[in-house]
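Undergrad: Numbers given in this note's numbering equal positions in the sequence shown, counted from 1, plus 10.
Any given hint could be a false lead.
[Said to hold, decoys possible] List of simulated lysine-lysine pairs, BS3-like, C-alpha gap at most 25 Å:
#1 Lys53 - Lys63
#2 Lys151 - Lys63
#3 Lys69 - Lys188
#4 Lys151 - Lys93
#5 Lys69 - Lys93
To be clear, the hints were calculated from the coordinates, so they are not data collected in a lab.
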Amino acid sequence: MERGRPRNFNIEQALDAALDVFWRNGYQNASLTELTRAMGISKPSLYSAFGNKEQLYLKTLQRYREQRLLRHAEALAAEADLKQALRNFLRSVAEMLTAPGLPGGCMVVNSAVTCDIAALPPAVVAAIHETVDQSSFTLLKDRLEAELRGRSLPGDTDIHRLVDYFTAIMCGMAVMAKVGISQDRLLATIEQALAVLPDPVSDT
Numbered sequence: 011m012e013r014g015r016p017r018n019f020n021i022e023q024a025l026d027a028a029l030d031v032f033w034r035n036g037y038q039n040a041s042l043t044e045l046t047r048a049m050g051i052s053k054p055s056l057y058s059a060f061g062n063k064e065q066l067y068l069k070t071l072q073r074y075r076e077q078r079l080l081r082h083a084e085a086l087a088a089e090a091d092l093k094q095a096l097r098n099f100l101r102s103v104a105e106m107l108t109a110p111g112l113p114g115g116c117m118v119v120n121s122a123v124t125c126d127i128a129a130l131p132p133a134v135v136a137a138i139h140e141t142v143d144q145s146s147f148t149l150l151k152d153r154l155e156a157e158l159r160g161r162s163l164p165g166d167t168d169i170h171r172l173v174d175y176f177t178a179i180m181c182g183m184a185v186m187a188k189v190g191i192s193q194d195r196l197l198a199t200i201e202q203a204l205a206v207l208p209d210p211v212s213d214t
């Protein structure tokens, strides 16, 4: 049985509220006062339920990955044609970045560009790196390597360069969206970016 007074707030709703604050402001610019106000709880309740600010951020980042980033991975995996798969993947990202009901931009990029990354707690830096790796670097590398093994890409294709390129495109779109660039312009950027893909290997 849990000791002390029972919680009189919904944990999931409180996490979603904290996620919104971190997403909008980044890690350093999200104050405990703003977090507790958005979550509708006191600071002692925050510490009791979630730990400190760092631990709360890590919990919201995991929630962000589960709620938002997994759908991008699903979009990439659902299409057999590589170019269309990448288009679906990047369009899914662009739609999230510019969705009217969301804070705008990317939670991870917002935390990285609004502060001195060296000043962040090591666990936060590690979680940001892991998120970027799993949602971009590793995800794209695995798909492109599979295409290479399946011989739908030329054998001399530089997979790592392509991965870095499309990751840079996503980070750039996140910054563009944060400053108000329209979804239509992001979608046009995606089409331009896809032009770098090598032509599929001919079966003849």
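Undergrad: Now look at each hint and say whether the structure bears it out.
TA: Results of checking the hints against the structure:
1. Lys53 - Lys63: holds, 10 Å
2. Lys151 - Lys63: Violated - the C-alpha atoms of Lys63 and Lys151 are around 33 Å apart, more than 25 Å.
3. Lys69 - Lys188: holds, 23 Å
4. Lys151 - Lys93: Holds - the C-alpha atoms of Lys93 and Lys151 are around 14 Å apart, at most 25 Å.
5. Lys69 - Lys93: violated, 34 Å
Checked against the numbered hints above, the structure violates hints 2, 5; every other hint is satisfied.
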